[in-house]
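Protein chains in written order, with full-length UniProt numbering: chain A, 1 to 248; chain B, 1 to 248; chain C, 1 to 248; chain D, 1 to 248; chain E, 1 to 248; chain F, 1 to 248.
Be aware that a few hints might be false.
As the list claims (entries may be wrong) - Calculated cross-link-like contacts (lysine-lysine; reagent style PhoX-like; alpha-carbon spacing at most 20 angstroms): (1) LYS193/B x LYS227/C; (2) LYS23/E x LYS193/D; (3) LYS222/E x LYS167/D; (4) LYS237/D x LYS237/C; (5) LYS237/A x LYS193/B; (6) LYS222/B x LYS248/C; (7) LYS167/F x LYS222/A; (8) LYS167/C x LYS222/B; (9) LYS63/E x LYS193/D; (10) LYS227/B x LYS237/C; (11) LYS193/C x LYS248/B; (12) LYS227/F x LYS193/A.
Hints were generated in silico from the structure; no laboratory data involved.
Letter by letter, the chains look like this.
There are 6 protein chains.
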Amino acid sequence: MKIKVINPNTTIAMTKGIEEAAKSAARSDTQILAVSPKMGPVSIESYYDEYLSIPGVIEEVIKGEEEGVDAFVIACYGDPGLHAAREVTDKPVVGIAEASVYLASILAARFSVVTVLPRIKTMLEELVDSYGMHKRVVNIRTTPMGVLDFERDPEAGMELLRLEGRKAVEEDHAEAILLGCAGMAEFADSLEKELGVPVIDGVVAAVKFAESIVDLGKKTSKLKTYKYPEKKEYIGKLASFGYSSIKK
Amino acid sequence: MKIKVINPNTTIAMTKGIEEAAKSAARSDTQILAVSPKMGPVSIESYYDEYLSIPGVIEEVIKGEEEGVDAFVIACYGDPGLHAAREVTDKPVVGIAEASVYLASILAARFSVVTVLPRIKTMLEELVDSYGMHKRVVNIRTTPMGVLDFERDPEAGMELLRLEGRKAVEEDHAEAILLGCAGMAEFADSLEKELGVPVIDGVVAAVKFAESIVDLGKKTSKLKTYKYPEKKEYIGKLASFGYSSIKK
Amino acid sequence: MKIKVINPNTTIAMTKGIEEAAKSAARSDTQILAVSPKMGPVSIESYYDEYLSIPGVIEEVIKGEEEGVDAFVIACYGDPGLHAAREVTDKPVVGIAEASVYLASILAARFSVVTVLPRIKTMLEELVDSYGMHKRVVNIRTTPMGVLDFERDPEAGMELLRLEGRKAVEEDHAEAILLGCAGMAEFADSLEKELGVPVIDGVVAAVKFAESIVDLGKKTSKLKTYKYPEKKEYIGKLASFGYSSIKK
Amino acid sequence: MKIKVINPNTTIAMTKGIEEAAKSAARSDTQILAVSPKMGPVSIESYYDEYLSIPGVIEEVIKGEEEGVDAFVIACYGDPGLHAAREVTDKPVVGIAEASVYLASILAARFSVVTVLPRIKTMLEELVDSYGMHKRVVNIRTTPMGVLDFERDPEAGMELLRLEGRKAVEEDHAEAILLGCAGMAEFADSLEKELGVPVIDGVVAAVKFAESIVDLGKKTSKLKTYKYPEKKEYIGKLASFGYSSIKK
Amino acid sequence: MKIKVINPNTTIAMTKGIEEAAKSAARSDTQILAVSPKMGPVSIESYYDEYLSIPGVIEEVIKGEEEGVDAFVIACYGDPGLHAAREVTDKPVVGIAEASVYLASILAARFSVVTVLPRIKTMLEELVDSYGMHKRVVNIRTTPMGVLDFERDPEAGMELLRLEGRKAVEEDHAEAILLGCAGMAEFADSLEKELGVPVIDGVVAAVKFAESIVDLGKKTSKLKTYKYPEKKEYIGKLASFGYSSIKK
Amino acid sequence: MKIKVINPNTTIAMTKGIEEAAKSAARSDTQILAVSPKMGPVSIESYYDEYLSIPGVIEEVIKGEEEGVDAFVIACYGDPGLHAAREVTDKPVVGIAEASVYLASILAARFSVVTVLPRIKTMLEELVDSYGMHKRVVNIRTTPMGVLDFERDPEAGMELLRLEGRKAVEEDHAEAILLGCAGMAEFADSLEKELGVPVIDGVVAAVKFAESIVDLGKKTSKLKTYKYPEKKEYIGKLASFGYSSIKK
């Protein structure tokens with residue numbers, strides 16, 4: 001099967017890292033197609049970036065229909081555009097935040113998220129609540145480093161994750177740690193070894209969920225909320241998003 | 001003062017109607033600047049439309065900084081891009097859904113929303129929940145008509161609003177009705193007369209809230225969640241959204 | 001228009017302060033009528049005081065009908081008697097706690113209340129919950145000073161507000177501060193300057209909301225919850241509250 | 001022991017009925033002192049009545065301290081003044097709504113309340129929520145009869161309770177019925193026989209809970225929320241409620 | 001009347017302590033029958049122990065039908081098997097956790113539980129939530145001592161309860177303390193004296209509630225959730241639990 | 001890998017059906033070991049059955065450690081013993097209810113469960129809530145048929161599922177249907193075809209989730225809630241559950 005993993009930011013180096021993580025988790029007969037959008041921010045660290053990453057994400061989902069993709073993974077911890085992506089295709093679409101909290105719920109009773117800058121804490125709180133997980137997520141811990149800082153200086157990143165992960169265990173009594181950024185996949189294993197609790201990267205979780213759903217032959221419900229978008233025109237820079245662009 | 005009312009869809013006729021509603025509510029010394037974005041969908045009736053309307057909305061907010069705008073109103077009942085808009089300016093930004101539920105809470109103990117197509121019900125449920133109003137909103141009623149159908153055939157629209165409004169009162173025991181689309185402002189008065197309960201249009205509510213906040217000299221908190229976006233580049237069709245475009 | 005601002009306690013000096021705050025926020029064509037009830041406690045710092053302030057508050061609301069009042073503000077942070085006030089008049093009635101949380105929600109994602117004695121914390125928690133704001137209000141901070149202590153020694157009061165306000169910002173990560181007592185209006189501006197986040201006084205917020213609702217021509221829903229009270233007699237000291245006293 | 005049962009309305013005939021119910025449930029060595037306040041409404045069917053019944057209720061609680069009362073029951077289904085009553089005495093105070101929902105929770109998984117006029121539905125919803133029972137209470141059913149109508153025409157009252165009780169069982173799948181008015185105690189037994197599910201009157205439930213708490217020697221916590229009211233003056237008709245009136 | 005108090009663990013010494021507590025609270029004409037199951041764990045400190053204590057608990061409830069028991073108390077703070085116990089008898093069944101939170105709600109606005117090992121915190125959080133008490137229970141504090149450690153070394157136990165109880169008052173601002181283990185009854189009185197807030201043992205609370213319900217002649221609703229179990233066979237070690245074993 | 005699928009009831013015919021479903025979903029290199037416990041009820045339709053199925057389930061989990069099992073699936077829609085199972089092994093344990101709601105959340109915005117007898121509705125409501133899914137699950141629909149009735153008369157079963165499934169779609173506006181019993185797997189495909197929305201069987205969902213977690217090398221967190229049970233003895237029929245029986 002073919003799973004398209006969309007890194008919603010436009011930093012190719014990070015997409016490579018996500019691709020590696022995805023491939024490390026995928027079965028040998030699963031083809032991973034990892035891409036960055038053709039438009040949008042180089043990293044996502046605010047509502048502004050999040051919303052502006054969505055057109056590029058959706059374009060890639062629409063394109064995926066022609067590429068014979070069986071399932072999609074949106075690989076940014078805000079799950080940007082997830083609900084819209086489910087409208088433009090009937091193939092399953094999995095967000096990495098969503099996948100990580102469901103997976104964590106099976107492995108641990110209470111857990112904390114460790115993520116990038118403090119400003120996104122509210123955004124993640126709302127997201128976690130929308131997945132019904134506010135009782136299980138005991139804390140959302142942030143670091144002073146931004147998304148690309150983790151790319152640039154992985155050692156400093158690991159040091160901060162270790163620090164916050166330890167506090168999560170000792171102060172929050174978190175029984176698992178969720179990595180709140182797609183670029184943190186590489187840290188999962190060593191962090192898990194050091195902390196002694198499951199450390200969950202959403203990318204690999206989402207890939208496995210996507211494989212599972214494809215195996216089961218399940219597709220997104222097209223009954224109401226996730227019906228294909230209504231017939232209409234778009235103008236300006238986004239004119240290409242008009243109804244005719246959507247492949248049903 | 002100058003209030004910029006942004007109709008997130010690109011249908012100018014509808015923007016005119018919203019402008020009229022806004023002006024009817026504004027004080028004589030308030031200048032209403034009603035606009036449609038330069039890009040995006042002609043109407044908003046899905047997550048897809050909603051997310052894709054946001055770049056255009058944000059562009060208008062950013063532009064507003066140079067236009068000497070004192071406050072912004074986002075005039076679509078999904079409040080698209082509200083949180084991002086609060087990041088790119090320190091002027092108050094009011095969503096019409098948000099304004100309508102807060103206003104309704106002061107006038108009635110329980111109320112229903114009447115809106116367009118059934119598919120957006122989930123979206124509005126989530127929105128209402130995010131404003132803490134799930135106990136007060138007893139129902140979200142939909143009609144078979146889309147956003148622009150109300151423009152094209154206002155009589156049929158009024159008929160459906162009357163029908164669902166009556167059911168809201170009789171079956172939901174709603175004590176006020178909220179009009180769940182910016183294009184419904186024109187129906188509010190006659191509907192209120194017919195139903196005998198407050199009928200609330202979010203556009204006028206938001207304009208009054210915006211005036212109030214400007215009068216009080218209050219601005220959006222720039223401490224954490226709504227800080228200006230981080231310094232970074234954007235690429236492709238959205239390259240113009242890079243950090244330098246934001247006027248602090 | 002004429003807005004009657006009712007200070008539910010019977011301390012005239014405090015009513016004067018509230019009047020000043022209200023006038024500072026009101027438009028030039030808005031007449032502010034600030035009063036204290038003819039009966040009840042000199043300050044409100046318990047459920048006992050709160051409930052016993054209500055007869056006096058309601059009496060003033062009823063009287064307001066004959067005074068040609070267009071809207072009412074209840075100026076104590078417990079919003080005492082708010083729902084009953086909405087029963088005895090069809091003019092809008094706004095509570096200052098209610099107004100402050102709705103206003104704050106437009107300006108900040110998360111906020112804390114700073115108020116008087118620790119004993120009222122539970123009362124305010126329940127109030128905030130009843131407005132659907134439990135996720136947004138991250139803390140309710142109290143001070144060892146009572147309501148009238150702030151009148152008597154404003155400098156000490158300011159010092160405590162500064163202290164708790166700073167903790168709210170630094171420890172709760174509150175992005176705005178709500179002043180949890182009608183007598184604290186005078187501190188708002190300098191506190192806002194010092195703390196660098198919006199500091200919201202409910203009195204001015206409520207006055208602006210009241211003006212807005214009057215401008216929109218909206219009245220309280222008389223359908224069910226806020227219908228005029230039922231026809232009946234009252235006895236004893238409260239005999240004057242019998243049905244005939246209510247002016248429909 | 002001596003339990004003071006306060007009927008918050010001033011209709012003596014109804015107080016007699018409540019007294020009978022209380023005595024029927026009390027142990028032989030429990031003395032029931034049933035009273036109506038010296039001031040306030042003849043019945044309680046709105047927020048207005050509810051709040052205005054509170055001064056009279058509190059006066060009776062304060063008086064109870066001198067009467068050697070061991071516990072108090074507030075016998076109106078809105079539990080008016082409950083939290084203030086807990087401030088003016090350290091003897092346990094039990095509300096009948098509160099007692100009925102806790103008792104029902106032990107006997108049934110889901111239940112409905114059947115009460116008087118539709119207008120009080122919101123009030124009871126908020127009350128039930130404040131006791132944490134919103135999941136267990138599946139419906140609050142109202143009747144077109146007011147409080148005193150049940151006194152005047154018990155047969156018609158029984159007929160309506162039977163009707164709504166049956167609907168509660170058949171449509172709500174309620175597994176117990178809670179009588180939402182202190183004056184309905186007399187109907188409990190025959191209703192229970194007819195419906196085949198527990199029918200719970202709050203008056204008898206509260207009396208038994210009060211006895212239990214007195215037996216256990218427990219008193220209201222005076223640490224914070226329910227501390228004795230602060231030292232202060234009251235004026236006007238309510239001057240008698242000043243601090244000196246409270247017997248600690 | 002006869003109340004059967006079932007200690008779900010099989011440590012007879014502890015059953016004796018529970019019996020004493022129960023008898024100290026029971027009326028002189030109430031017969032307390034305190035038992036341990038014939039099978040199961042010597043103490044309950046995990047989900048594993050909790051679930052495996054249930055067969056023994058239920059067996060004792062079924063047996064109680066023949067013993068002429070009027071009500072049952074399940075005396076372990078996880079309320080193991082409570083809902084199943086309500087299925088096999090129509091006599092009221094009261095759990096001690098349930099009884100303690102309802103009783104505490106009448107005496108205090110906010111409270112903390114103090115219990116045994118940290119691992120059961122999640123279990124108690126879920127339990128408290130299921131009773132609708134998550135807002136009232138401000139903390140669940142654990143100690144490093146297990147259930148039987150409190151039996152073996154009551155002095156060390158008292159020391160830890162004192163320590164955590166004090167923290168509950170000072171740090172959580174708990175206004176009452178709930179003892180989160182049936183074996184802690186003996187500490188209640190001295191702890192209450194030291195801490196100056198109500199200290200509530202669930203065993204005595206449950207006994208009083210059971211007496212009350214029997215006095216009122218109320219039984220468990222047999223309409224739906226708590227109907228007698230369906231007719232069926234059981235096999236293996238649990239074959240004796242087949243339908244014929246249940247005495248309707 | 002080896003996945004042990006435990007049917008918590010002791011009806012071998014049903015275990016065979018579950019085995020078939022599990023195998024149909026498993027990868028070719030996954031070995032499915034489907035078993036029924038050695039003790040307990042032939043079907044699970046009450047809290048009584050549910051709790052009494054748990055000892056047998058746990059025994060099979062403990063045994064699985066020696067059988068070289070990599071993951072466990074508990075195949076009854078109440079997820080009986082799930083949390084205890086996670087204590088006795090560090091291999092992942094997946095409940096079918098849990099798996100079905102997480103999977104459904106990825107495919108549909110709102111969904112209904114269709115299950116067996118009305119009496120288990122409360123049980124499933126509590127379960128769904130404990131997974132944070134109360135907003136997504138719009139209804140839990142029951143049928144008059146018991147668990148084994150579906151085995152005995154699959155045609156009648158299919159007819160009822162069709163009926164309730166259609167009502168779920170038309171009346172609840174459910175966008176997916178969850179089969180609320182492990183024995184309903186065989187109906188999923190034809191029901192999905194008829195109803196036009198995803199119909200989700202928890203058995204296959206849980207098997208895929210188990211495979212995914214094993215692939216990822218993740219294990220249950222042993223930090224706190226799911227630590228191995230404490231060292232202790234068990235007596236009577238359950239003596240074999242003493243500490244020495246648990247293989248760490």
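Taking the hints in turn, this is what the structure says about them:
Proposed proximity of LYS193/B and LYS227/C is supported: the alpha carbons are some 17 angstroms apart, at most 20 angstroms. A threshold of 20 angstroms between alpha carbons decides the hint, and for LYS23/E with LYS193/D the separation of about 34 angstroms lies outside it, so the pair is violated. Taking the CA atoms of LYS222/E and LYS167/D, the gap is near 17 angstroms; set against the 20 angstroms cutoff, the hint holds. For the proposed pair LYS237/D and LYS237/C, the alpha carbon gap of about 7 angstroms is at most 20 angstroms, so the pair holds.
Using a Cα cut-off of 20 angstroms, the hinted pair LYS237/A and LYS193/B is violated, with the two alpha carbons roughly 43 angstroms apart. Proposed proximity of LYS222/B and LYS248/C is contradicted: the alpha carbons are some 46 angstroms apart, above 20 angstroms. Using a Cα cut-off of 20 angstroms, the hinted pair LYS167/F and LYS222/A holds, with the two alpha carbons roughly 17 angstroms apart. A hinted pair counts as satisfied when its Cα atoms are at most 20 angstroms apart, and LYS167/C with LYS222/B qualifies at roughly 17 angstroms.
Restraint check for LYS63/E and LYS193/D: the C-alpha separation of about 28 angstroms exceeds 20 angstroms, so the hint is violated. Simply put, LYS227/B and LYS237/C have alpha-carbon atoms about 56 angstroms apart, too far for the 20 angstroms limit, and the pair is violated. About 19 angstroms separates the Cα atoms of LYS193/C and LYS248/B, which keeps this hinted pair within 20 angstroms; it holds. The straight-line distance between the Cα atoms of LYS227/F and LYS193/A is roughly 17 angstroms, inside the 20 angstroms bound, and the hint therefore holds.
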